[in-house]
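K.L.:
Based on the provided sequences and hints, a complete structural model is requested.
So the protein lines, in turn, are chains V and P.
For the first sequence, the positions run 1 to 541 when the working numbering is used.
For the second sequence, the positions run 1001 to 1258 when the working numbering is used.
Treat the hints with caution; some may be incorrect.
What the hints assert, rightly or not - In silico SDA-like cross-links for lysine to any residue, where the CA-CA straight-line distance does not exceed 25 Å:
#, chain 1, residue 1, chain 2, residue 2
1, V, Lys497, V, Val151
2, V, Lys79, V, Ser4
3, P, Lys1202, V, Ser4
4, P, Lys1202, V, Arg235
5, V, Lys497, P, Lys1202
6, P, Lys1202, V, Lys79
7, V, Lys79, V, Arg235
8, P, Lys1202, V, Thr200
These are computed hints drawn from the structure, not numbers from a lab.
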Amino acid sequence: MLHSRRLILAHFWLAFAGFGLALLLGEWQMVVRSPLHAWIGNPELYYRSVTAHGTAMAYVFPTLVAMGFGYAISEAALKQPLIGRRWAWAGFGLVLVGTVVAMVPVSLGLASVLYTFYPPVIGNPFYYIGIVLVVVGSWIWVALMVVNLTVWKRANRGVPVPLAMFANVAGSLLWAWTAVGAAIELLFQILPASLGLTDTIDAGLSRVLFSWTLHAIVYFWLMPAYIAYYTIIPRAIGGRLFSDPMARISFALFLVVAMPIGVHHLFADPQVGAGFKFMHSAFTALVALPTLLTVFTICASVEIAGRLRGGRGALGWLTALPWRNPMMLALAFSFVMLGFGGAGGLINMSYQLDASIHNTQWITGHFHLIFGGAIVIMYFAIAYDLWPHLTGRALADAGLMRTQLWTWFVGMIVLTFPWHYVGILGMPRRMAFYDFTDPALAAQALSVTASVVGGAILVVSGVLFLAVLVRGHMAARVQPGQYRFSVAVHQAQSVPKVLNGFGLWFGLMVALTVVNYGFPILHLLATPETSVPAIRIGAAP
Amino acid sequence: MTPLPPRRSPWTATVILLTASLAAASAAVGFLVLPGVQGQAGAGVWDAICRAAGVLQAPPGAAPVLGAGFRTTDVVVTPGMMDGATPASVGQGATLAMQCATCHGARGISGADVPNLAGQYAPAVFKQLRDYQSGARTNATMGPRAAGLTVQDMRDLSAYYASLPRLSLSAAAGPAPAIVTGGAPMRNIAPCGACHGGVAAKAGSAWLDGAPQAYLQAQLEAFAAGTRHNDISQQMRNIARNMTPAEITQAARHYAGQ
Chain V
1 MLHSRRLILA
11 HFWLAFAGFG
21 LALLLGEWQM
31 VVRSPLHAWI
41 GNPELYYRSV
51 TAHGTAMAYV
61 FPTLVAMGFG
71 YAISEAALKQ
81 PLIGRRWAWA
91 GFGLVLVGTV
101 VAMVPVSLGL
111 ASVLYTFYPP
121 VIGNPFYYIG
131 IVLVVVGSWI
141 WVALMVVNLT
151 VWKRANRGVP
161 VPLAMFANVA
171 GSLLWAWTAV
181 GAAIELLFQI
191 LPASLGLTDT
201 IDAGLSRVLF
211 SWTLHAIVYF
221 WLMPAYIAYY
231 TIIPRAIGGR
241 LFSDPMARIS
251 FALFLVVAMP
261 IGVHHLFADP
271 QVGAGFKFMH
281 SAFTALVALP
291 TLLTVFTICA
301 SVEIAGRLRG
311 GRGALGWLTA
321 LPWRNPMMLA
331 LAFSFVMLGF
341 GGAGGLINMS
351 YQLDASIHNT
361 QWITGHFHLI
371 FGGAIVIMYF
381 AIAYDLWPHL
391 TGRALADAGL
401 MRTQLWTWFV
411 GMIVLTFPWH
421 YVGILGMPRR
431 MAFYDFTDPA
441 LAAQALSVTA
451 SVVGGAILVV
461 SGVLFLAVLV
471 RGHMAARVQP
481 GQYRFSVAVH
491 QAQSVPKVLN
501 GFGLWFGLMV
511 ALTVVNYGFP
521 ILHLLATPET
531 SVPAIRIGAA
541 P
Chain P
1001 MTPLPPRRSP
1011 WTATVILLTA
1021 SLAAASAAVG
1031 FLVLPGVQGQ
1041 AGAGVWDAIC
1051 RAAGVLQAPP
1061 GAAPVLGAGF
1071 RTTDVVVTPG
1081 MMDGATPASV
1091 GQGATLAMQC
1101 ATCHGARGIS
1111 GADVPNLAGQ
1121 YAPAVFKQLR
1131 DYQSGARTNA
1141 TMGPRAAGLT
1151 VQDMRDLSAY
1161 YASLPRLSLS
1171 AAAGPAPAIV
1181 TGGAPMRNIA
1191 PCGACHGGVA
1201 AKAGSAWLDG
1211 APQAYLQAQL
1221 EAFAAGTRHN
1231 DISQQMRNIA
1241 RNMTPAEITQ
1251 AARHYAGQ
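P.N.:
Right, dumping it as structure tokens:
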């Protein structure tokens, strides 16, 4: 039973509203820098749009989905009303206010610094203050998740924590620690420069601190999708979760190895030593482990569903699966995109192979395929699954949902595959203008145009998604019953203590952060003359 | 389902040991094996570890790359570095500027092929004066004149010239060439207008509208040849080297308003 339906709906609707607007900006960017459109003449307009798109899609949208889904999990898995609902509304208010405060200077062209900040480029202080408010709002959520779990544990001594809540708190703790890097960068480096208190900034140190946040944030975005794989999909397609402990191990591993790996974003940066780059590369390789465990466990769970539905033989269970069920479709599409995106990621994380695609459009293609594809399609699935429980109305139009998921999948493939390809051809990222009449670029024109078409398909799919949700508010009233999560083949009656709490995993995450980041950060702090003048966006020369 | 107490297990020690071993193994490869394979362990194991950790070390017996007399700019340009000029500073600058008027004009508008200084951004004038003084920029006329100026003199001069009304240009000289509006991204050339006006303006960059074509052309060619080298981080040398002679002429003609 979900008690805080309005709270959860508010989170989802703000998330999806921001997503819808940012989606339009993304497609506009694809069009104006493609051969289909003349040069817009002002690169600042392009970067303004990129900043808004990135800020909304990377900070606001996934954070709100994780928060809303987290509150739902807390109530449904622990079977207790959310403790601290007023605090939760306060957190939502901070995210809302922070988003507006950040977006006003971006819209005015005063903070076209892209969502990854890129010091020494410095924008209007309100942009950064807005981001800080969003993060503080999300930290309230982190605290509430921990409080709710602690209260439940006290009342249910000896009972295993429900898997969904275990995974949910793992995600919130990962976010709490990973946000610290960017928070230090914002509070001690960027905001002082932005407020005019300092004239210079150590851009190399900023980049190291941001890399602390930059990679694990991706796993924070990914957590709701993984929670849905384990705790929603097997139930929704009529199967059983293959292994409950395997799921817990995956989430615990994410906590440990997703964090101390961000320097693989800095392979081309001179301020970090090659030894640390190799260590981060090695730990990035390890993060494939929880993903491979997940793929195995979920495929096994799906096979159980196929066999329960009468599938026989080595592959017969595949055709017996409920392919007309939108949840089945979403999972399949998500796994295909995760597979391609993960394969591309192996190239990015390799110290040697990265050099061939570093800072090219390959990277933009990669993170759109993984996040926009594999993860966001599961956000859609989560919304579809939760909506009847939130609105008390049926979500009956499975055909429209299937069309939406198909268009998102096809659009994302058509968008990102050519995007990867032009990256291999050497097309740089973060540029506002490409002269496709140049013989060196002419060969990329067709691929870039294909990406524009992919983006247009995604816009159609985004509109369909919002239409499904809006229609859900107007459909016939139903009694959706209790919200349930997947049941494991062997439901956990007792679990090892380490897989029922987070002490060990959080401790290892912090320890590995110290090992992998401690020296590079201290060394940069101690090295003199590493600061450069701040470049102020929109300032008089 | 009967709740049972969670099992005790040797998990904690195993997991910590496993993680520590992985960290140690990757560190051993990154800090010892790789430097050896890459032939950087010649100066000893400790030296290889320091290099892999990113600690800067000069190679033993390395000769300086640049000649002893080579100078480049030591001015750190920040937005607002010249803010807060007082009327007294402007007046003092006007007095000092009398010795500049022969070439740069009585009101900062030149008849010779030297820059118009009227309305020029103060950081741009200050930086060039300081560079002439330090020897980062060399010119037979300007070098000796800058030699005796104090920092305050240079601030006053910059404030005075920034306060003068700019040259009012006649009708527009037609559409700006592509190199000014869009640059040449494939050759790593940012648009001229992104710093020098037209699209945007950046701290330390000069305002070029109405500057003599011969002067602009000569400066771009000097940057390309490396005979002028007072640009911060080689910004202009890298651009000018990659420009074609035709683009240099187009840019110079456009800013000269011809």
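K.L.:
Please go over all the hints and tell whether each is borne out by the structure.
P.N.:
Results for each hint:
Simply put, Lys497(V) and Val151(V) have alpha-carbon atoms about 17 Å apart, close enough for the 25 Å limit, and the pair holds. For the suggested pair Lys79(V) and Ser4(V), the alpha carbons sit about 12 Å apart, so the restraint of at most 25 Å is met. A hinted pair counts as satisfied when its Cα atoms are at most 25 Å apart, and Lys1202(P) with Ser4(V) does not qualify at roughly 51 Å. Taken as a hint, the Lys1202(P) and Arg235(V) pair is broken in the structure, with Cα atoms around 59 Å apart against an allowance of 25 Å.
As the CA atoms of Lys497(V) and Lys1202(P) are separated by approximately 59 Å, the hinted pair breaks the 25 Å bound. About 59 Å separates the Cα atoms of Lys1202(P) and Lys79(V), which puts this hinted pair outside 25 Å; it is violated. Proximity of Lys79(V) to Arg235(V) is assessed by CA-CA distance (about 18 Å); at most 25 Å being required, the pair is judged to hold. Annotation: proposed proximity of Lys1202(P) to Thr200(V) holds, straight-line Cα distance about 16 Å (limit 25 Å).
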